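Put chain B on the given structure of chain A with help from the hints.
Chain by chain, the residues:
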Amino acid sequence: MRKRDDIERLFREKFEGYRITPSEGLWSRVVRRLRRQEFLHFSPGRFNVWYLAGLLTVGVVVAYLALQDHSAVTGSVTPETSVGVVQNRDHLQGTSEEKAVKGMTEEEQREEHENAGSEGHPAAAMPAQNQADQEKQLPVGRPATPPPAPGNGTPAKATGSQPVQQEKDHTTPSTVPAEKEKPAPVARFELSVRKGCPPLTVDLINLSEYATDYSWDIEPAGVRFTEISPQYTFHDPGLYVVHLTARDQEGHISVSSDTVEVYGKPRARFDYSPKDAVVPADEICFYDNSVDAERYLWSFGDGHTSTESDPVHKYTTDGPFDVVLTVWSAHGCVDSMVLRNVFEHSGYYLRFPNAFVPNPGGPTGGYYSEGSLANDVFHPVWKGVGDYHLQIFNRRGELVFESRELNRGWDGYILGQLATPGVYIWKARGTFLNGKPFVRFGNVTLIRKR
Amino acid sequence: MYTDEDLIKGCIRKERGAQKALYERYADRLLGICARYAADTAEAEDILQEGFVKIFVHISDFSAKGSLFNWMRKVMINTAITMYHKTLRHRYHQEIEALQAPARDEMPGSSDFTQEELLAVIRSLPEGYRVIFNLYAIEGFKHREIAEMLGIDVNTSKSQYSRARRFIRKKLEDISRIAVPDEKKRDEEA
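From first to last, the protein sequence lines are chains A and B. Note that our numbering has the first sequence beginning at 1, numbered continuously upward. Note that our numbering has the second sequence beginning at 1, numbered continuously upward.
So that you can see chain A by itself, here it is in the shape it has in the complex (with noise of 0.2 angstroms):
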C-alpha cells in the first residue's frame, strides 16, 4: 500500500540533512565538559587527575619521611602555630588522595610512581614505595605533616566528589548502557477500542515494563484475566473499568486503570398497514416501532429504500418481499429486522371500482368480458378468488342485487327497471385460492348515462 510510506517519507526526505546552527556559546561548553573529562582521565603526557594523586602521594611519603628524619635528630619539635593549619589540610588531602588511589589499577598505581621518580624525586620515590603502602593504612589527621606540594591546593578540594561522578559518565558511545539496577514494575496498558456498539471486543494491550506476572479486572462485569494480552468482549451497554496488576518477582506492584464505554444498541422494530392490502396496488404505510432510533433505512424488498421514519410505499409488482428496517443509534450502534415473505400473497386480489355507468338500453344480466373498458357493469377486478358472493343493497339497506359468479355483476337494473341513480353499498366475501379469506365493502355511485 502506497498511502502506508507518505508519513514516513515526508518526514525522511523533510530531514534529510537538516541543519540548525548551534547557538555561540555551544562549543566553549563542550571545551569546559572535554576539560573536566580529560582531566578525570588517565593519559600520559597530560595533567590530570591521575597525577595530581600521584603527586599528592609523593608530596606526603616526602614530607612523612622528612619529618621522621627530622624527629629522629630533633626530636618533636614542631612549632605550635603552624600545626592547626597544617593539621586541616592534612586532613583534606588524606581523603581525596584515599580515594583517588582506590580508583587506581596497580598499573596506574606503578605508572604513577614512575612519573613521580621522572620528576625529580629519585631518592624519595623509590625507598618510599614500602612506605607509602604503609601510610595508606594510617588514620588520617596525623599531627605534623608538612604542607604538600605548592599549587594542589586548590583541585584537591574539587577531587573529593569528581572521581565518583566520573564513573557514571562515562559510557561508550556505540552501545546503549544497560540499567544495572533492577526497576520496579510499570503497569501500562492500551487498549484496541475505549468505546462501541456491543458485542465489543477489546484486546488489552499490555505494554508494562519490568513485570512477570499480570492480573487484568474487569469491573463491573467481575472478569478477571491472568494472560499477558487478553481479549474480551463486552455484551452489556455501560461504563466499565479495566484494572491491570502488574508484579514482578519481588512482589512489586504497579496498576493502571482506563475505561470502556459500551454503548446501548438501538432496537429495530416496525408494522405495516393494511396487511391485507392488494399488492402491486395498494399503498402500503410502515410504521416505526423502534427504540433509541436516530437514522432508518428502510429495504422494501423490491429495491426501493427509505431514509424516513414512517415511510409510504407502493409497489410495482408482486410479492412476496421481505421487508428490512435497518436503524442506527445516536451513537452510531445499529439493529434491524427483517420481515419475510411480505405480501405473499399478493398475486391474489380483488378489486372494485367506486362508479358505473348502466347501459340505458335495457338489463344486459350483468355478464362482461374480461378486459373490456366499457364501465356499464359494476364488477370488481380480480385474480385467485374461489368462493365469491358479492351483494349490493340500496340506502335503506333492501338487497337489490346478489351474485355468486365472479363473471357476472351488476348491469344497474332491479327486476328490469333502471335503479335510481345514486349511491350503493356493497359487500363481498368468499375465499381466495389459496384458502385466504376475504371480506370486503365499500360504495359505488350509479350514475345515469344523459
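Derived from the structure by calculation, the hints contain no laboratory data. Note that the coordinates shown come from a computational prediction; the quantities given were computed from them, not determined experimentally. Only true hints are included.
Computed cross-link-like contacts, SDA-like style, restricted to lysine to any residue with a CA-CA straight-line distance of at most 25 angstroms:
1. K275/A - T305/A
2. K14/A - A42/B
3. K158/B - Y232/A
4. K142/B - E16/A
5. K20/B - L34/A
6. K74/B - R33/A
7. K86/B - W27/A
8. K436/A - E344/A
9. K86/B - E145/B
10. K20/B - T21/A
11. K14/A - D28/B
12. K265/A - W328/A
Output of the computed footprint for chain B on chain A, the stretches with three or more beta carbons under 8 angstroms from beta carbons of chain B:
13. 11-19
14. 24-35
15. 197-211
Cβ atoms here follow ideal geometry from the backbone N, Cα and C, with glycine treated the same way.
Quick look at chain B alone, frame taken from chain A:
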C-alpha cells in the same frame, strides 16, 4: 582545508584545534538530528554537547570503515536515548490523550509542510513516542533493534509507533486545516 582523516588524527591527539574544526564542520547537521529527539532547542543542544564530548573522548574507537558522520550520528542518537532514559522515570506516564484514529488512512492535504512544522509535530509527541518515531520512521531502524536500544518489548515498539503515527497524522491534518495563506503570513511578518 583538512580532510576528515586529518581531523580524526588531530582529535585522537586531543588537539583542540582539530576538535574545533570537526565541531564546526558537523555541528549544524548533528544538531538537526538532535533537534528531533529533544523537546526544545536547549535540550537539543544539551544532547549535542554531551554527544560531542563522547565523540572526542572515544574518537579513537571510531573505525575508519564506516563514514565518520554516520558514526557521529549514531553517537548523538545514543546520547539522546541515554538522556531519554534519564528522564524516563519522571515522564513515563505521559499519554497521548483523546487520540481518535482518523477515519481514513490517507495523506492529509498537501505535502508542503515546512521542516519547522514537522519538527513542531515531532516535538509535540510524548517523549517515548518521539524516540520511537524518530528511530523507526526517520532513522530507519527495525522494531527489533529499537526494542533492544530502548530496552522495551518489540510489540511495545510497534504499538507505540503506530500510535505515534496516528497522532502525527492527526497533527498534520490539523496543520493543513489551519494553514494560513501566504499573503497573510507576509503581512504578519511585515
